[in-house]
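Here is how the chains run, residue by residue.
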Amino acid sequence: AQSVSQHNHHVILSEAASLELGCNYSYGGTVNLFWYVQYPGQHLQLLLKYFSGDPLVKGIKGFEAEFIKSKFSFNLRKPSVQWSDTAEYFCAVSSHNQGGKLIFGQGTELSVKP
Amino acid sequence: DAGVTQSPTHLIKTRGQQVTLRCSPKSGHDTVSWYQQALGQGPQFIFQYYEEEERQRGNFPDRFSGHQFPNYSSELNVNALLLGDSALYLCASSFRDRGSYEQYFGPGTRLTVT
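The listed protein sequences correspond, in order, to chains F and S. Just so you know, we're using my numbering here: the first sequence kicks off at 1 and counts up by one. Just so you know, we're using my numbering here: the second sequence kicks off at 115 and counts up by one.
No wet-lab data here; the hints were simulated from the structure. A few of these clues could be false.
Stated by the list, open to error - Simulated crosslink set (DSSO-like; lysine-lysine; CA at most 30 Å straight-line): (1) S/Lys140 / F/Lys61; (2) F/Lys49 / F/Lys61; (3) F/Lys69 / F/Lys113; (4) F/Lys49 / S/Lys140; (5) F/Lys71 / F/Lys49; (6) F/Lys58 / S/Lys140; (7) S/Lys140 / S/Lys127; (8) F/Lys49 / F/Lys113; (9) F/Lys58 / F/Lys71.
Unchecked claim - Taking CB as the label site, the calculated pair distances span: (10) F/Trp83 / S/Asn185: 35 to 43 Å; (11) S/Asp176 / F/Asp54: 41 to 49 Å; (12) S/Asp211 / F/Gly28: 25 to 33 Å.
In this text the structure is predicted, and so the values were computed from the model without any measurement. Each residue gets a CB set at the ideal place from its N, CA and C atoms; glycine is no exception.
The shape of chain F in the complex, shown without the other chains:
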């Protein structure tokens, strides 16, 4: 069965620190990969996505993620975080054969101290 694992439950950083959130998935076929963000009091928003092609994808607000197929990983990065990045981040995967079914990780809560 497909599964997604996010390494950190809660990350605390100071402003301007670099961010890397880990995500590993378990699935043998071709996958689509996503990072969603949920700001306090807001609904889930798509941060970035990977379908095919260049494994380094850039999303909104300076976020990027790298798909490493051999490691089944899709880690999220940002060189310098801001207080406004405080939110919960979810990694998700869907298979090319089951495009509609998103499997989510348990989420990582990011707190950025001003």
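With the hints as your guide, set chain S onto chain F.
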């Protein structure tokens, strides 16, 4: 351009009761997926509707059922409510011809079962 809307925002029910949650997809979208998000967890896929039929289903009992209407809006019904059904219920919409790969989420309905 209206995004995904859900109603009601909050709902309190008693064990054994039945509940209906509603979702209107983003303009131009024809596919609706439902997810359950328990506190501190990532969303879990319940099912997906397209052309008024259930196309995929997650690991949820038959107490969870749904419907899609000709205008693409959807309902989620839960019968014989259990305390464990307390969660945030999310609706997501997408456009099938793009493989339903990119889903847009609504704000959710917070269901509390007492």
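Cross-check of the supplied hints:
This hinted pair checks out: S/Lys140 and F/Lys61 have alpha carbons roughly 23 Å apart, not beyond 30 Å. Between the alpha carbons of F/Lys49 and F/Lys61 the distance comes to roughly 14 Å, so the proposed pair stays at or under 30 Å and holds. Proposed proximity of F/Lys69 and F/Lys113 is contradicted: the alpha carbons are some 33 Å apart, above 30 Å. A C-alpha spacing of about 19 Å is found between F/Lys49 and S/Lys140, which places the hinted pair at or below 30 Å, so the restraint holds.
For a cut-off of 30 Å, the pair hint linking F/Lys71 to F/Lys49 stands: about 18 Å separates their Cα positions. Only pairs whose Cα atoms come within 30 Å are accepted, and F/Lys58 paired with S/Lys140 is accepted, the gap being roughly 24 Å. A threshold of 30 Å between alpha carbons decides the hint, and for S/Lys140 with S/Lys127 the separation of about 28 Å falls inside it, so the pair holds. A threshold of 30 Å between alpha carbons decides the hint, and for F/Lys49 with F/Lys113 the separation of about 27 Å falls inside it, so the pair holds.
Between F/Lys58 and F/Lys71 the CA atoms are separated by roughly 20 Å; this keeps the pair inside 30 Å, and the hint holds. Taken as a hint, the range 35 to 43 Å holds for the pair F/Trp83 and S/Asn185, whose Cβ atoms sit roughly 41 Å apart. For S/Asp176 paired with F/Asp54, a C-beta distance near 43 Å keeps the hint of 41 to 49 Å intact. Take S/Asp211 and F/Gly28: their Cβ atoms lie about 27 Å apart, and the range 25 to 33 Å holds.
Checked against the numbered hints given earlier, this structure breaks only hint 3.
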